[in-house]
Amino acid sequence: MAEQRRILVVEDDVTIALAVRNRLAAEGFDVRVAGDGQDALIQYGRADPDLVILDRLLPGLDGLEVCRRMQAARPVPVLMLTALGEETDVLVGLGVGADDYLAKPFSMRELVARIHALLRRVERAAQLAAEDTVIRVGEVEIDTAARRVFVGGAEAQLTRTEFDLLRRLAERPGQVFERDRLLSDVWGFSEAAATRTVDSHVRALRRKLGSDVVRTVHGVGYALVRR
1 MAEQRRILVV
11 EDDVTIALAV
21 RNRLAAEGFD
31 VRVAGDGQDA
41 LIQYGRADPD
51 LVILDRLLPG
61 LDGLEVCRRM
71 QAARPVPVLM
81 LTALGEETDV
91 LVGLGVGADD
101 YLAKPFSMRE
111 LVARIHALLR
121 RVERAAQLAA
131 EDTVIRVGEV
141 EIDTAARRVF
151 VGGAEAQLTR
161 TEFDLLRRLA
171 ERPGQVFERD
181 RLLSDVWGFS
191 EAAATRTVDS
201 HVRALRRKLG
211 SDVVRTVHGV
221 GYALVRR
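Each residue of the sequence shown is one higher than the one before, counting from 1 in UniProt numbering.
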């Protein structure tokens, strides 16, 4: 029997927390729940979860600070829940280590799909890391084994998802990848309503690697620029 995956749900809305816990338990996960940032950090240290579902707005320590401290202690896949529609807020969340985000209100079906996709991506990344390959595109150097990226010799700190997206684009420099294809290849699912996820991660990559590294083909998708 496969080992049961452990998920930590950090949500101060009791109704949402219980609904998520019950659904994930029914899906076969070992679920722990925390109602605020301090409790989340305590349970994170004790439970050693495989994945964290983290609300952006929490009493006391907010979700951004909680995510930052978790990633500093031990990197973990984080799916951030947000009721805020501001793109800058999403980018900040991705910048502190969140792998994906889901806007409230959300369907349980989509939440479960995102979780399974994220866990599969972590497993696939571990397998790819064993290949020990270095990809160079212009000034960008990608060490796939160490999961490190350098631009002009200086290291860029990318999140797990940013790295996976960059690696996929770098496999075929200059080729235009449609948004839904990137969702399928990188995130493990493809839904028209989720293409903004790709856009947000591309903007995060540009902030860290340079505004001209990834080219937008309007109405189609993105390509890594050859230099």
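Any given hint might turn out to be false.
Said to hold, decoys possible - List time: in silico EDC-like cross-link candidates among lysine to aspartate or glutamate, alpha-carbon distance up to 16 Å:
id : residue 1 : residue 2
1  : Lys104    : Asp13
2  : Lys104    : Asp12
3  : Lys208    : Glu139
4  : Lys208    : Glu110
5  : Lys208    : Glu123
Calculated directly from the structure, the hints in this document are not laboratory data. Predicted, not measured: the structure shown is a model, and the values here were computed from it.
Right, here's what the structure says about each hint:
| no. | hint | verdict |
| --- | --- | --- |
| 1 | Lys104 / Asp13 | holds (12 Å) |
| 2 | Lys104 / Asp12 | holds (14 Å) |
| 3 | Lys208 / Glu139 | holds (13 Å) |
| 4 | Lys208 / Glu110 | violated (29 Å) |
| 5 | Lys208 / Glu123 | violated (25 Å) |
Violation of the numbered hints given earlier is confined to hints 4, 5; the remaining hints are satisfied by the structure.
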